[in-house]
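Here the protein sequences come in this chain order: P and L. Residues in the first sequence are numbered from 28 upward in steps of one, following the numbering used here. Residues in the second sequence are numbered from 476 upward in steps of one, following the numbering used here.
Any given hint could turn out to be false.
[As the list claims (entries may be wrong)] Derived Cβ-Cβ restraints for the label pairs, each shown as a range:
id : chain 1 : residue 1 : chain 2 : residue 2 : range
1  : P       : I158      : L       : G621      : 51 to 57 angstroms
2  : P       : L264      : L       : D567      : 27 to 33 angstroms
3  : P       : I71       : L       : T701      : 21 to 27 angstroms
4  : L       : G636      : P       : R162      : 48 to 54 angstroms
5  : P       : F184      : L       : R610      : 49 to 55 angstroms
6  : P       : R289      : L       : Q635      : 23 to 29 angstroms
7  : P       : I158      : L       : G561      : 53 to 59 angstroms
8  : P       : F184      : L       : R630      : 36 to 42 angstroms
9  : L       : T701      : P       : P188      : 50 to 56 angstroms
10 : L       : S568      : P       : L264      : 21 to 27 angstroms
11 : L       : L716      : P       : Y199      : 35 to 41 angstroms
12 : L       : R667      : P       : R289      : 33 to 39 angstroms
It should be emphasised that the hints constitute simulated quantities derived from the structure, not laboratory data. Values in this document were obtained by computation on a predicted structure and should not be read as measured data. Virtual Cβ for every residue (Gly too), placed ideally from N, Cα, C.
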Amino acid sequence: MTIYLPIAELPVNIFTLLALGIAVGFISGMFGVGGGFLMTPLLIFLGVSPAVAVASVSTHMAASSFSGTLNYLRRKLVDVQLGLVLLSGGLTGTLAGVVVFMVLRRYGQLDLVIAVSYITLLGAIGSLMVIESLRALIRNWRGQAVQVRRPGAHPWFLRMPFKMRFRQSRIYVSIIPVVTIGFAIGFLGALMGIGGGFILVPALIYLLRVPTLTSVATSLLLTLVTMVAAIVMHAVLNQTVDAVLGLVLMIGGTIGAQFGARAGQSMKAENLRLLLGLLVLAVGIRVAVDQIARPADLYAVTINEGAR
Amino acid sequence: MIAPLARLLVLALLLAAGPAGATELVLSLSKPRVTITSSFTGDSIVLFGVIEPGADAPTDVTYDVVISARGPNESFVTWRKERRFGLWTNGDSRTFVAAPSYLAVLSNRPPAQIAAPDILRQEQAGFAQNRLLQRLGTDYADVVPGDPFRQAFLRVKQTQGLYLERTDAVEFLAPRVFRAAIPLPGIAPVGRYDVVVKLFANGDMLKRGATTLDVAKVDFEQAVATAAQDHAWLYGIVTALGALMVGFIGNLVFRRD
């Protein structure tokens, strides 16, 4: 059964879209990532134009992150205070990212920068997560004691001024690195068209030493706020939000996210990190292969948006 | 499909009864307005034509018809991928200004057999004869047909099903009555399409006829598209609230505790 998308202006199979929503929703619920880094390329593959894909995926991410956030709120795992501090940096970063996006587009090298960013970022973060979680698994397997966090072991950036206590996350750290992380997420999100959950979760776990489940929950809250802002911004500035496409994706996504969240909670933290690491690495390798392999057709045709 | 044909035949009869002046070409589309609904996956529009020979028409001829259907013009950029630092990226590009977003060239036999090359070129009759303006520096011109960017542009559009050439699509039902189907893919752009019919007799262009075809969104699709255009703020906020609603409902439905 096909359905015509009014803004994307093309017919697609409704079941393909639903399946896509469920699969990506499952992953986003499980790991607390928005899923944009998976969904956007898949929609482009279906024939949706990149601008419409990026904008419509934000509606899907808003729905599934809201559903996920409610789950974690009920389990009292969301650190709202940490979320708000991250957000203050995040919204500034989004603005900076939009400006850089415009400059790069003027020089015609946006595609290259996006591809290189994806490869570097996903490759680095994916490898780090896989290595770290494998180490943890090996430690468990050998029966070694899990390292206990010592108060004096904080790295220098957590000991900077303006310290704040985040009770939910059980950390007492300077807000400078927290705001900086938020800024970086917002910046990369605007530049690469991703929610940033897959960067934020490891950043919270490894840099700020926030417990894994609280990281996932707080990251969902941040994704929710950023994506709602993104929907309105895209709708007003570009008119590229396809509500029909978004609706089908979010129905699938919400269902998938519920099962994903349960699967995530029943899993050991190390296993969860290993899986997310492998997934991130796989997407990074996929982007790299696409860029390195010789394309089937050396030519591509795009609509000249500037001439409209 | 029957009704337009009947109307056409009546028209033809009326014309036949009139004074024999110049040759007339009577055209009718099975559907002058294609509506895009939620189940739209493409459509096929049938064009009927009746030739009414006038005093200028040579007797004892075989007619040839070349039909060109062109969608609304758009500006397109064709990129050539180049290897830079080991990565394939968009390198050199050419901008095609005001190229049709849809182009179907239909004829009853290969245009090369219908008329001499210079006539075909002048009339833009045939797929290879369509002019595609490129911006070359400050100048606008069409380049040689062998230009790799031009060929790549045509190839990509043909793969998408938006450009097509059928040299056997025009079917003569009677010596002076013809029919052709114009296939519109699901991704056909909305707007007004120009359908131009060129009638050739013994290798000469005899008559040019034209009609238009509208492709438009209706009902829900139209409402969504209009809302997104005219009430962008409202549309964005409603979409965001809708997203939150779906998330909330999903959470309630699947709540376990």
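Now for the hints, and whether the structure bears them out:
1. I158(P) to G621(L): 51 to 57 angstroms: Holds: the Cβ-Cβ distance is about 53 angstroms, inside 51 to 57 angstroms.
2. L264(P) to D567(L): 27 to 33 angstroms: holds, 30 angstroms
3. I71(P) to T701(L): 21 to 27 angstroms: For I71(P) and T701(L) the Cβ distance comes to about 26 angstroms; the hint holds.
4. G636(L) to R162(P): 48 to 54 angstroms: Since G636(L) and R162(P) have Cβ atoms about 52 angstroms apart, the given range 48 to 54 angstroms holds.
5. F184(P) to R610(L): 49 to 55 angstroms: holds, 51 angstroms
6. R289(P) to Q635(L): 23 to 29 angstroms: violated, 42 angstroms
7. I158(P) to G561(L): 53 to 59 angstroms: Between I158(P) and G561(L), where Cβ atoms are some 25 angstroms apart, the hint is violated.
8. F184(P) to R630(L): 36 to 42 angstroms: Since F184(P) and R630(L) have Cβ atoms about 54 angstroms apart, the given range 36 to 42 angstroms is violated.
9. T701(L) to P188(P): 50 to 56 angstroms: holds, 54 angstroms
10. S568(L) to L264(P): 21 to 27 angstroms: holds, 25 angstroms
11. L716(L) to Y199(P): 35 to 41 angstroms: Cβ of L716(L) to Cβ of Y199(P): about 38 angstroms, so the range 35 to 41 angstroms holds.
12. R667(L) to R289(P): 33 to 39 angstroms: Since R667(L) and R289(P) have Cβ atoms about 53 angstroms apart, the given range 33 to 39 angstroms is violated.
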